[in-house]
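Engineer: Chains as they are written, first to last, in my numbering: chain A, 120 to 233; chain B, 1284 to 1399.
For the record, the hints were derived by calculation from the structure and aren't laboratory data.
Since the model is a prediction, treat every value here as computed from it, not as a measurement.
Treat the hints with care, as some may be off.
Computed, partial: chain B to chain A, Cβ under 7 angstroms [what the hints assert, rightly or not]: (1) Ser1335; (2) Phe1389; (3) Ser1391.
Here are the simulated distance ranges between beta carbons [what the hints assert, rightly or not]: (4) Gly161/A with Arg1352/B: 24 to 32 angstroms; (5) Thr1295/B with Phe188/A: 41 to 49 angstroms; (6) Ser1367/B with Pro180/A: 32 to 40 angstroms; (7) Gln137/A with Pro1362/B: 43 to 51 angstroms; (8) Ser1353/B with Leu130/A: 43 to 51 angstroms; (9) Ser1367/B with Ala121/A: 42 to 50 angstroms; (10) Arg134/A with Arg1352/B: 23 to 31 angstroms; (11) Ser189/A with Gln1341/B: 21 to 29 angstroms; (12) Ser1301/B with Gly161/A: 46 to 54 angstroms; (13) His1365/B with Pro158/A: 23 to 31 angstroms; (14) Ser1301/B with Thr172/A: 41 to 49 angstroms.
In this text, a Cβ means the ideal position worked out from N, Cα and C, and glycines have one as well.
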Amino acid sequence: KAGVTQTPRYLIKTRGQQVTLSCSPISGHRSVSWYQQTPGQGLQFLFEYFSETQRNKGNFPGRFSGRQFSNSRSEMNVSTLELGDSALYLCASSPGDRDVTEAFFGQGTRLTVV
Amino acid sequence: AQSVTQPDIHITVSEGASLELRCNYSYGATPYLFWYVQSPGQGLQLLLKYFSGDTLVQGIKGFEAEFKRSQSSFNLRKPSVHWSDAAEYFCAVGEKGYSSASKIIFGSGTRLSIRP
Chain A
120 KAGVTQTPRY LIKTRGQQVT LSCSPISGHR SVSWYQQTPG QGLQFLFEYF
170 SETQRNKGNF PGRFSGRQFS NSRSEMNVST LELGDSALYL CASSPGDRDV
220 TEAFFGQGTR LTVV
Chain B
1284 AQSVTQPDIH ITVSEGASLE LRCNYSYGAT PYLFWYVQSP GQGLQLLLKY
1334 FSGDTLVQGI KGFEAEFKRS QSSFNLRKPS VHWSDAAEYF CAVGEKGYSS
1384 ASKIIFGSGT RLSIRP
């Protein structure tokens, strides 16, 4: 079974631009969660999508948004990029509808804002 | 509220030596417990998990962890470390309910360095 796939692996953007990151979950998983990881703040939860609906949301500004498609693939978008948005963005895939909580992570997308 | 504490920010051990990484959690009921490992610039890989049953859990790469309810701990152990074990290790606790990463609380991580 294929794992979680995130594309692209690396991105360099200029301040003020916008960026879209993609995540394909494990086949059969319907929940996709996004995290931002930085050396100073650690792992911070952005939001979770389940069956094309945002189910949980972290404490990030509205510049960070996401969506999920009918095939469970998810995208996150960051608009008006700031230098502080430079981070490793991780996607986690989960079944979403069972009583057992577990998550499988992708390799991440390294975003650098210059 | 549930939380996870990894008291050691950075640990250095010699190759071939034994390893124990500490993890304490706060949770009202019997939690789901996890250990993840992250190599530099990579995603998190699940090492092992505890849901119920035997409190000594075996994982991948020769790691094991023991759930001790009385101490609210879930320490990770390995009898003999290899240079390739150098990485960041995250302990995590998961709430019961629908399965989602949003229900998992992560510790701040312990960075493991291996001395040749």
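Engineer: Now tell me if each hint is right for this structure.
Structural biologist: Now for the hints, and whether the structure bears them out:
1. Evaluation of the Ser1335/B hint against chain A yields a violated restraint, the C-beta minimum of about 10 angstroms exceeding 7 angstroms.
2. The beta carbon of Phe1389/B is positioned within 7 angstroms of a beta carbon in chain A (closest approach about 5 angstroms), and the interface hint is therefore held.
3. Residue-level restraint check for Ser1391/B holds (minimum Cβ-Cβ distance to chain A is 5 angstroms; threshold 7 angstroms).
4. Under the hint 24 to 32 angstroms, the C-beta atoms of Gly161/A and Arg1352/B, about 26 angstroms apart, fit the expected range.
5. Separated by about 45 angstroms at the C-beta atoms, Thr1295/B and Phe188/A satisfy the suggested range of 41 to 49 angstroms.
6. The hinted window of 32 to 40 angstroms between Ser1367/B and Pro180/A holds, with their beta carbons roughly 39 angstroms apart.
7. At about 49 angstroms, the beta-carbon gap between Gln137/A and Pro1362/B stays in the expected band of 43 to 51 angstroms.
8. Take Ser1353/B and Leu130/A: their Cβ atoms lie about 47 angstroms apart, and the range 43 to 51 angstroms holds.
9. A hinted range of 42 to 50 angstroms is violated for the C-beta pair Ser1367/B and Ala121/A, which are about 24 angstroms apart.
10. Remark: the range hint 23 to 31 angstroms for Arg134/A to Arg1352/B is contradicted by a beta-carbon distance near 49 angstroms.
11. Under the hint 21 to 29 angstroms, the C-beta atoms of Ser189/A and Gln1341/B, about 38 angstroms apart, miss the expected range.
12. About 27 angstroms separates the C-beta atoms of Ser1301/B and Gly161/A, a value inconsistent with the hinted range of 46 to 54 angstroms.
13. In this structure the hint that His1365/B and Pro158/A lie 23 to 31 angstroms apart at CB holds, the actual value being about 25 angstroms.
14. Look at Ser1301/B against Thr172/A: about 47 angstroms separates their beta carbons, and that is inside 41 to 49 angstroms.
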